[in-house]
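Got chain A sorted already, so can you dock chain B with the ligands onto it with the hints?
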Amino acid sequence: MPKRIVVPFGPQHPVLPEPIHLDLVLEDELVVDVVPSIGYIHRGLEQLVQKREFTEYVYVAERICGICSFMHALCYCQGIEHIMKVEVPDRAKYLRTIWSECSRLHSHLLWLGLFADGMGFENLFMRSWQLRESVLDVLEDTTGGRVIQGTCKVGGIRRDIGQEKLDEMHRALDPFEQQCRDLGDVFLNDETVKYRLQGLGVISKDEAYTLGAAGPTLRGSGVAVDLRETGYAAYGDLGFKPIVETAGDCYARCAVRVKEVYASIDLIRRAIDGIPEGPLDVKVKGAPDGEYFSRVEQPRGEVVHYLRGDGTKHLARARIRTPTLANIPALVKMLPGAQLADVPVVVLSIDPCISCTER
Amino acid sequence: MGYFEMTRTVLRNLVRGPATRQYPAVPARTGPFTRGHVTFDPTTCRSCGLCSRRCPCEAIRIEKEEKVWEIDRMRCVACGDCVEGCPFGSLTMEPEYFPPVVEHVVERHTITYVKPEKPEKKPKEESAGTGA
Ligand code: SF4
Ligand code: SF4
Numbered sequence: 001m002p003k004r005i006v007v008p009f010g011p012q013h014p015v016l017p018e019p020i021h022l023d024l025v026l027e028d029e030l031v032v033d034v035v036p037s038i039g040y041i042h043r044g045l046e047q048l049v050q051k052r053e054f055t056e057y058v059y060v061a062e063r064i065c066g067i068c069s070f071m072h073a074l075c076y077c078q079g080i081e082h083i084m085k086v087e088v089p090d091r092a093k094y095l096r097t098i099w100s101e102c103s104r105l106h107s108h109l110l111w112l113g114l115f116a117d118g119m120g121f122e123n124l125f126m127r128s129w130q131l132r133e134s135v136l137d138v139l140e141d142t143t144g145g146r147v148i149q150g151t152c153k154v155g156g157i158r159r160d161i162g163q164e165k166l167d168e169m170h171r172a173l174d175p176f177e178q179q180c181r182d183l184g185d186v187f188l189n190d191e192t193v194k195y196r197l198q199g200l201g202v203i204s205k206d207e208a209y210t211l212g213a214a215g216p217t218l219r220g221s222g223v224a225v226d227l228r229e230t231g232y233a234a235y236g237d238l239g240f241k242p243i244v245e246t247a248g249d250c251y252a253r254c255a256v257r258v259k260e261v262y263a264s265i266d267l268i269r270r271a272i273d274g275i276p277e278g279p280l281d282v283k284v285k286g287a288p289d290g291e292y293f294s295r296v297e298q299p300r301g302e303v304v305h306y307l308r309g310d311g312t313k314h315l316a317r318a319r320i321r322t323p324t325l326a327n328i329p330a331l332v333k334m335l336p337g338a339q340l341a342d343v344p345v346v347v348l349s350i351d352p353c354i355s356c357t358e359r
Numbered sequence: 001m002g003y004f005e006m007t008r009t010v011l012r013n014l015v016r017g018p019a020t021r022q023y024p025a026v027p028a029r030t031g032p033f034t035r036g037h038v039t040f041d042p043t044t045c046r047s048c049g050l051c052s053r054r055c056p057c058e059a060i061r062i063e064k065e066e067k068v069w070e071i072d073r074m075r076c077v078a079c080g081d082c083v084e085g086c087p088f089g090s091l092t093m094e095p096e097y098f099p100p101v102v103e104h105v106v107e108r109h110t111i112t113y114v115k116p117e118k119p120e121k122k123p124k125e126e127s128a129g130t131g132a
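One line per chain: the protein sequences are A and B, in this order. Using this note's numbering, the first residue of the first sequence is number 1, and each one after it goes up by one. Using this note's numbering, the first residue of the second sequence is number 1, and each one after it goes up by one.
Okay, chain A solo, but in the shape it has when bound (with noise of 0.2 Å):
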């Protein structure tokens, strides 16, 4: 039997932009084990709750995560106004919807680029890259941030899209759905590709259903669970199918994520289509009292945003469990079997985002 040796892994590392901690025991270059930790940056967010006032707390939610930022306000939103039964109107349930499709097409496409990057494919690093700038560029004409959006707030949203806005973006999505389909079909049909990610990090469905993944990871392996369906914003009036692929591994996790680009390309269309006329927001009176956890799909997997209010402007406790801490006893998993020099492409084919797991 070879030695085994301990290769840590992480935080710091070239290929995995994130601080997530692995220690690899490999036998050869084969990999046989692996133990995570996480714990580098945690900021103690939840606890702020109890400093903030409730509607302060939406811009410390969406500063959790960079990328699914506005995800995190909507799921903080609505579970406070589920508490407090406020009942939003439908146009700001439509923009909602809009801008959280937004957030999932330029976090795939930064996943699909990086993803390239870690099998070692720059150009198609790039190009996804490039893409994704030009959503980004949707996203500030209309919110105002990039990254940051802070158009949710208890009660509604703090801005309109304008009539002749949401044409330009309808009138850009065709073309731009045909520039993310050529990109799409590199990461789906190209053979380098498919050598690279096949039969790679595998897990079964079974199993991805007991170790409680969540999202993209879930579904790669042929579970469909994806809470749009559920039909919380405008989800309900815009129909939704997850996407589901069955193989289980890097590539089938690969093709969900590029498969729901197109998924969020048309509701995003289709939400245009039918934006209802009116207000934006209700007045919220008083504060919080009872609990609730508020779920959300988030490009990562469900988001779960436990919130308990005593009637004072201040939450008595918020718990915020993140996809991608649930998919870590996945990716623990999926390790065993892979070459060293695959690692990377198998810890990013969960699509880690430790700072939303510490919080």
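None of these hints come from the bench; they were simulated from the model. Treat each hint with caution, since some may be false.
[Said to hold, decoys possible] Facing chain B, a subset of chain A residues (Cβ under 10 Å, in silico):
| hint | residue |
| --- | --- |
| 1 | LEU48 |
| 2 | GLU53 |
| 3 | TYR59 |
| 4 | ASN123 |
| 5 | MET126 |
| 6 | ASP137 |
| 7 | ASP141 |
| 8 | GLY145 |
| 9 | ARG146 |
| 10 | LEU183 |
| 11 | VAL186 |
| 12 | LEU188 |
| 13 | LEU211 |
| 14 | VAL282 |
| 15 | LYS285 |
[Said to hold, decoys possible] For each label pair, taking beta carbons as the anchor points, the in silico distance ranges come out as:
| hint | chain 1 | residue 1 | chain 2 | residue 2 | range |
| --- | --- | --- | --- | --- | --- |
| 16 | A | ASP167 | B | GLU70 | 50 to 56 Å |
| 17 | B | GLU84 | A | THR210 | 43 to 49 Å |
| 18 | B | THR112 | A | GLN47 | 38 to 44 Å |
| 19 | A | PRO329 | B | THR39 | 45 to 51 Å |
| 20 | B | GLU84 | A | ASP167 | 24 to 30 Å |
Predicted model only: the values in this text are computed from it and were never measured. Note that CB positions come from ideal geometry on N, CA and C, so glycine has one too.
Then chain B with the ligands, alone, in the frame of chain A:
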């Protein structure tokens, strides 16, 4: 199929010139609502303190007696809540990002509003009071 998927894109990109903006030769792109930095107008501020209470980062400090309005640019995250909350329109959000700084300085403004208005109001109130 399958081997030269990327070639078309590569060739197109080769002839198309750079996709990035040539910052800083070309100024950074900003949108109509870009949240760059907060500016303060000392001539209209009535020291109500709402901005300071609303700020989620405690970046604004206000002292009514000394007529001082301070903003800590390193704390401010440009959320725009103070601008929305100011009832007198003293705060505006400008699209330019604030240049990076190396020293932690708090920007201090002296509020110049109150003086002309207050002496006018007080006698009125008093006369109204004595008249009734
Ligand atoms: S923009 Fe936001 S963070 Fe900055 S001073 Fe105003 S309220 Fe505070
Ligand atoms: S800037 Fe506006 S909100 Fe702040 S103290 Fe002055 S008047 Fe009040």
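Structure-based check of each hint:
no. : hint                             : verdict
1   : LEU48                            : 9 Å, holds
2   : GLU53                            : 8 Å, holds
3   : TYR59                            : 4 Å, holds
4   : ASN123                           : 6 Å, holds
5   : MET126                           : 8 Å, holds
6   : ASP137                           : 7 Å, holds
7   : ASP141                           : 4 Å, holds
8   : GLY145                           : 6 Å, holds
9   : ARG146                           : 9 Å, holds
10  : LEU183                           : 8 Å, holds
11  : VAL186                           : 4 Å, holds
12  : LEU188                           : 9 Å, holds
13  : LEU211                           : 33 Å, violated
14  : VAL282                           : 16 Å, violated
15  : LYS285                           : 17 Å, violated
16  : A:ASP167 <-> B:GLU70: 50 to 56 Å : 44 Å, violated
17  : B:GLU84 <-> A:THR210: 43 to 49 Å : 47 Å, holds
18  : B:THR112 <-> A:GLN47: 38 to 44 Å : 40 Å, holds
19  : A:PRO329 <-> B:THR39: 45 to 51 Å : 49 Å, holds
20  : B:GLU84 <-> A:ASP167: 24 to 30 Å : 27 Å, holds
Of the numbered hints stated above, those contradicted by the structure are hints 13, 14, 15 and 16, listed in ascending order.
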